[in-house]
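Model the full assembly from the supplied sequences, consistent with the hints where possible.
For the sequence shown, the numbering used here gives the first residue as 1, with consecutive numbering after it.
Rather than coming from a laboratory, the hints here were simulated on the basis of the structure. Remember, predicted model here, so these are calculated numbers, not experimental data. Be a bit skeptical, because a hint or two may be false.
[As the list claims (entries may be wrong)] Calculated cross-link-like contacts (lysine to aspartate or glutamate; reagent style EDC-like; alpha-carbon spacing at most 16 Å): (1) LYS46 x GLU24; (2) LYS46 x GLU26; (3) LYS46 x GLU12; (4) LYS57 x GLU24; (5) LYS46 x GLU71.
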Amino acid sequence: MTTNARYQAVIEYFSANMPHPESELEYSNAYQLLVAVMLSAQCTDKRVNMVTPRLFKAYPTPQAMAQASPEKILDYVSSVSYPNAKSSHLAAMARQLVANHGGNVPQSIDELMKLPGVGRKTANVVAAVLWNAPVMPVDTHVFRVANRIGLTTNSPSPEATEAVLEQHFPPELMPKAHHWLLLHGRYVCTARNPHCTSCGLSHCCRDYAKQKSCSPRKKQTNTKPKTP
Numbered sequence: 001m002t003t004n005a006r007y008q009a010v011i012e013y014f015s016a017n018m019p020h021p022e023s024e025l026e027y028s029n030a031y032q033l034l035v036a037v038m039l040s041a042q043c044t045d046k047r048v049n050m051v052t053p054r055l056f057k058a059y060p061t062p063q064a065m066a067q068a069s070p071e072k073i074l075d076y077v078s079s080v081s082y083p084n085a086k087s088s089h090l091a092a093m094a095r096q097l098v099a100n101h102g103g104n105v106p107q108s109i110d111e112l113m114k115l116p117g118v119g120r121k122t123a124n125v126v127a128a129v130l131w132n133a134p135v136m137p138v139d140t141h142v143f144r145v146a147n148r149i150g151l152t153t154n155s156p157s158p159e160a161t162e163a164v165l166e167q168h169f170p171p172e173l174m175p176k177a178h179h180w181l182l183l184h185g186r187y188v189c190t191a192r193n194p195h196c197t198s199c200g201l202s203h204c205c206r207d208y209a210k211q212k213s214c215s216p217r218k219k220q221t222n223t224k225p226k227t228p
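The structure is reproduced here in structure tokens:
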């Protein structure tokens, strides 16, 4: 299967089976999404969703969070991964958001990445979810699934994967494609024991084709009757 044919097969499958993918993070506005995505780095969305209701009740606006110390914020985010670093980043991010952007989350990727604790993946997720920007955030799920299916070939880094995916997915589909691959990796093409036999993409998956070609053949028995 050619690369273009594989991308087309992936698009057709997800368009039919997951036409309206959405982030599983719970948020009500741009500020809340930015905070949730920052907390989700190397942490599950389920855990973040357990933490954010109390956090947003205590700090409902960037202005409120900007007045808080990292130590106070830590009380609310202690159960996520790297809580000390994330609480410091949230406090600094909120102060900069208020000072430089009037409390509004910037739409520019470059401006987002100037905020403390906001890397490329976080900025891309926020832009894709909030403004349907033609960007391809690459997390561990997207990185794994793209390589397994064959959308990329031995990609050395998330940045390299991002570049390849952005070359092949139409710009208007990129925000959807991010969620397609992410959710597929979270629930079907899992890191351990992927559900290949029940996967709707097995017909175009490079790794699945390799597995089939490498599976041991059954020893054939000679059914020809013996000559008396």
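Below or equal to 16 Å on CA atoms is what counts here, so check LYS46 against GLU26.
holds (9 Å)
Would you check the hint for LYS46 and GLU12, treating anything up to 16 Å between C-alpha atoms as holding?
Given that 16 Å is the threshold and the Cα spacing comes to 29 Å, the pair is violated.
Given the hinted pair LYS57 and GLU24, is their Cα-Cα distance within 16 Å?
violated (20 Å)
Agreement of LYS46 and GLU24 with the hint, judged by alpha carbon distance not exceeding 16 Å
Between LYS46 and GLU24 the Cα gap is close to 8 Å, so the pair holds against 16 Å.
For a C-alpha distance cap of 16 Å, please report whether LYS46 and GLU71 respect it.
violated (23 Å)
Hints 3, 4, 5, counting from the list given before, are not met by this structure.
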